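Peer 1: The residues making up each chain are set out below.
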Amino acid sequence: MTILLFLAPFSLGLGLLAVAAFWWTLKAGQYEDPAGDAARILLDDPADRPGA
Amino acid sequence: MALTYEAAAGADFSAFLGRGTDGKASLDLLVRGARCAGCLAKIEAAVAGLPGVEGARLNLTSGKLTVGFRTASGDPAAVIAALDKLGYPATPYDPGQAQVAHDKEGRRLILALAVAAFGAMNTMMFSVPLWAGLFGQELGPATKQVMMWFSGAVGAPSAIYAGLPFFQSAWRSLKARRANMDVPISIGVLLTLVISFSETVLNGRDAYFDAAVSLLFLLLIGRWLDHQLRARARSAAGDLLAMQAPAAAVLDRDGQAHMKPLAEVQPGDLVLVRAGERIPVDGRIEAGMSELDNALLTGETAPVAVAQGAVCRAGSMNLSGVLRLRALARSEDSALAAIARLVEIGAQSKSRYVQLADKAAAIYVPVVHTAAALTFAGGWLVGLGPREALIRAVAVLIITCPCALGLAVPAVQIMASSRLFRRGVLVKSGAALERLSEIDHVVFDKTGVLTEGRPRLIDPAPAAVTLAAPLARASRHPLARTLAEEAGEGPLASQVTEHAGQGVEGLIDGRRARLGRASFVGVESRGGSETELWFGFDGDTKVRFRFSDRLRQDAAETVAALKARGLTVEVLSGDVAGPVAAAAEAAGIDAWRAGLTPQQKAAAVDALAADGRRVLMVGDGLNDAAALAKAHAAMAPGTALEASQNAADLVFSGEGLSSVAAAYDVSRVARRRAMENFGFAALYNLVAGPAAMLGLVNPFVAALAMSGSSLAVTLNALRMGRKP
Chain D
653 MTILLFLAPF SLGLGLLAVA AFWWTLKAGQ YEDPAGDAAR ILLDDPADRP GA
Chain E
672 MALTYEAAAG ADFSAFLGRG TDGKASLDLL VRGARCAGCL AKIEAAVAGL PGVEGARLNL
732 TSGKLTVGFR TASGDPAAVI AALDKLGYPA TPYDPGQAQV AHDKEGRRLI LALAVAAFGA
792 MNTMMFSVPL WAGLFGQELG PATKQVMMWF SGAVGAPSAI YAGLPFFQSA WRSLKARRAN
852 MDVPISIGVL LTLVISFSET VLNGRDAYFD AAVSLLFLLL IGRWLDHQLR ARARSAAGDL
912 LAMQAPAAAV LDRDGQAHMK PLAEVQPGDL VLVRAGERIP VDGRIEAGMS ELDNALLTGE
972 TAPVAVAQGA VCRAGSMNLS GVLRLRALAR SEDSALAAIA RLVEIGAQSK SRYVQLADKA
1032 AAIYVPVVHT AAALTFAGGW LVGLGPREAL IRAVAVLIIT CPCALGLAVP AVQIMASSRL
1092 FRRGVLVKSG AALERLSEID HVVFDKTGVL TEGRPRLIDP APAAVTLAAP LARASRHPLA
1152 RTLAEEAGEG PLASQVTEHA GQGVEGLIDG RRARLGRASF VGVESRGGSE TELWFGFDGD
1212 TKVRFRFSDR LRQDAAETVA ALKARGLTVE VLSGDVAGPV AAAAEAAGID AWRAGLTPQQ
1272 KAAAVDALAA DGRRVLMVGD GLNDAAALAK AHAAMAPGTA LEASQNAADL VFSGEGLSSV
1332 AAAYDVSRVA RRRAMENFGF AALYNLVAGP AAMLGLVNPF VAALAMSGSS LAVTLNALRM
1392 GRKP
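Heads up: the sequence lines are chains D and E, in that order. Take the position in the first sequence, starting the count at 1, then add 652; the result is the number in the numbering used here. Take the position in the second sequence, starting the count at 1, then add 671; the result is the number in the numbering used here.
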């Protein structure tokens, strides 16, 4: 059962990592403009356009 | 009616420029009509290509464009003109401090939600082996102890962080000597944590850390939904108002017009008001003559002629000429002080309204706390010992904790308001929806509510319309525009001169013609209740066009629908008796009163309330604002003045009045769902409460019962989203 003492904190660490990642996405404003982000992926990068 | 900036081309908008942290200028604009990826690319490329612009980013969700300039100064007018050329009208937008503070609260809630989710999942991880132990599975005492410690180490900090919004709200409410729903929640959660902790330390039987955290997780979902509802309503309402042009053209010493935010206009400033714009602040006319449409202020439909020296009130629409006004008051002081005061008093009475969930809490709190206390006392008396009795009492508090209530009502309200939002009705708060469902009497304003609020040509003679159309097309006067609309596309008159407040003159096929007031065209006015416009060629017979405010197309239908739902309907108007009687009759309303002042309107609503009636007021003008604020529930069209929109609970856009009946229907369904959910919660507590008193509840049963009941009420609420 001593493996628990290693596994339990490890899984907690993974969970905390997820919370931190979520906090980062929140801070980075990834939920501010869902419609715009969905649209932007359809736009060509100026540098990728042929002849540009 | 929104102001457009076409007429203000070349004016200076620099007052709207913001300063970034690096000292560079930035500008926020509300752009209308951008919907797709193509628009986004076009707008950003066009604006970013302007001289002096460093970058532009459009938020497609909110329709806001942020423009960054290279230096500390920039040219907002060029940006607006560029957008206009692309076909997207834009309005400078002041992001405002309130929104920033509000956003902070939303972030805090969502972070608390994330922590609660983490806490609930990971505490559960240690709880599952403990639950297995409850069913006779192998779990040594040492392992059990470790599991309990782990679950406490994760659960307690998560619960304390995630519970802070509830603890703070409960504390505020207790300080005000009132008990809201957050008081039993906080007591329940804190007691659970304390007991679970002491049980863990004393190597006891059960710990409820997972129950405390998952309870908070479910409640935070409800809290966040409620927050989203208000945030969305607030930002949509802000957009509506931003379109009403928060700016005035102030003339400097050289006669150059600068666009200034309304709040910065000082008494003594010289303000330029073009035809088709609203008077921004109270002022005296220094130069120019025109006609003013006071429909939103007093409900009168007939325009009033004004000239130099006349005092104009903020909110009137300038119809024909260019006016130079000397501002007499600041923007905040411009609206009649008495009306503003009445609105404030009305709003205060509304804030005393007790919401359904808090009403339920008022019954629920004493019952549950008494039950818990009785469990403790009774358990001790029958010889359970204080520790076991206390655990049972806490089990009662946990299992009856109002998560069904906390989640049930916001879930229903957000479903209901998103259904209304799709119909173009904006719900400002959940309480507004609850109040709307309780009404039994509907009061309509006439101008702009029952009617369209703008003149329409009545009984037009097609030949005469065609004859006058070339002149009408050349004019900016609203009556002439109506005439031009009636005539459709066609030729323009040449050598047109517009005489402010009089009419237009020009050549049609080489013949000199005039269109305008009776005296301008050279005849005696025939008077009457309608607004009129005369047309004639020089030395020829003159033709009269009559205009009248037309009833909204679905007004009669809506009134009939409201009556069919058992509501009584009445018209209260500030207009004169003739048009009010005609409109009321056409809409199928028997009861009407005309010629009311704003104070009389508010008093009429008060009198109805004193009779025990619950009034829905539907109005758009400043003269309705006080009545809107005093009524049990209030609706305003999106074309209403800022003060009225602020006073209203719901704002509907579009041409139709049918939104009123639709909103009432949705509010009734929402109330029914909320009541069903309360019924379910009561039933659940009647079963679970006694079970907990008898000691039949262990942590596993508590977790199952709580999430099960929350799921049931949420699913019931989601039924709102479908067609009834």
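The set of hints was computed from the structure by calculation and includes no laboratory data. Since we're looking at a predicted model, the values are computed, not measured. Each residue gets a CB set at the ideal place from its N, CA and C atoms; glycine is no exception. Careful: at least some of the hints might be erroneous.
Claimed, not checked - Each computed DSSO-like pair below joins lysine-lysine, with the alpha-carbon atoms no more than 27 Å apart:
(1) E:Lys713 - E:Lys775
(2) E:Lys695 - D:Lys679
(3) D:Lys679 - E:Lys756
(4) E:Lys735 - D:Lys679
(5) E:Lys695 - E:Lys815
(6) E:Lys775 - E:Lys815
(7) E:Lys713 - E:Lys756
(8) E:Lys1213 - E:Lys1234
(9) E:Lys735 - E:Lys713
As the list claims (entries may be wrong) - One side only, chain D facing chain E, incomplete, derived with CB under 10 Å:
(10) Asp685
(11) Pro686
(12) Ala687
(13) Gly688
(14) Asp689
(15) Ala690
(16) Ala691
(17) Leu694
(18) Leu695
(19) Asp696
Peer 1: Hints first: check each against the structure and report whether it holds.
Peer 2: Now the hints, each set against the structure:
Between E:Lys713 and E:Lys775 the alpha-carbon distance is near 32 Å, which puts this suggested pair outside the 27 Å criterion. In summary, the hint linking E:Lys695 to D:Lys679 is supported, as the alpha carbons are separated by about 23 Å, within the 27 Å threshold. For the suggested pair D:Lys679 and E:Lys756, the alpha carbons sit about 36 Å apart, so the restraint of at most 27 Å is broken. The straight-line distance between the Cα atoms of E:Lys735 and D:Lys679 is roughly 19 Å, inside the 27 Å bound, and the hint therefore holds.
Simply put, E:Lys695 and E:Lys815 have alpha-carbon atoms about 62 Å apart, too far for the 27 Å limit, and the pair is violated. The hinted pair formed by E:Lys775 and E:Lys815 fails the criterion: a straight-line CA distance of about 41 Å is larger than 27 Å. A C-alpha spacing of about 11 Å is found between E:Lys713 and E:Lys756, which places the hinted pair at or below 27 Å, so the restraint holds. A hinted pair counts as satisfied when its Cα atoms are at most 27 Å apart, and E:Lys1213 with E:Lys1234 does not qualify at roughly 46 Å.
Straight-line distance between C-alpha atoms of E:Lys735 and E:Lys713 comes to about 15 Å, which keeps the hinted pair within the 27 Å bound. Below 10 Å, beta-carbon pairs count as interface contacts, and D:Asp685 has one with chain E at about 4 Å; its hint therefore holds. With a cut of 10 Å, the hint placing D:Pro686 at the interface with chain E holds, because the nearest CB-to-CB distance is about 6 Å. With its C-beta approaching chain E no nearer than about 4 Å, D:Ala687 sits inside the 10 Å limit, and its interface hint holds.
The restraint placing D:Gly688 at the interface with chain E holds, with a minimum CB-CB distance near 4 Å, inside the 10 Å limit. For D:Asp689, the suggested interface contact is upheld, since its CB lies about 8 Å from the closest CB of chain E, less than 10 Å. Interface hint at D:Ala690: satisfied, since its Cβ lies 8 Å from the closest Cβ of chain E, which is below the 10 Å cut-off. Contact between D:Ala691 and chain E, as hinted, is supported at the beta carbon level, the nearest pair being about 4 Å apart and thus within 10 Å.
Satisfaction of the interface hint for D:Leu694 is found here, the shortest Cβ-Cβ separation to chain E being roughly 4 Å, below the 10 Å cut-off. The closest approach between the C-beta of D:Leu695 and any C-beta of chain E is roughly 5 Å, which is under the 10 Å cut-off, so the hint is satisfied. A least Cβ separation of about 8 Å between D:Asp696 and chain E falls short of the 10 Å threshold, and the interface hint therefore holds.
Checked against the numbered hints above, the structure breaks hints 1, 3, 5, 6 and 8 and satisfies the rest.
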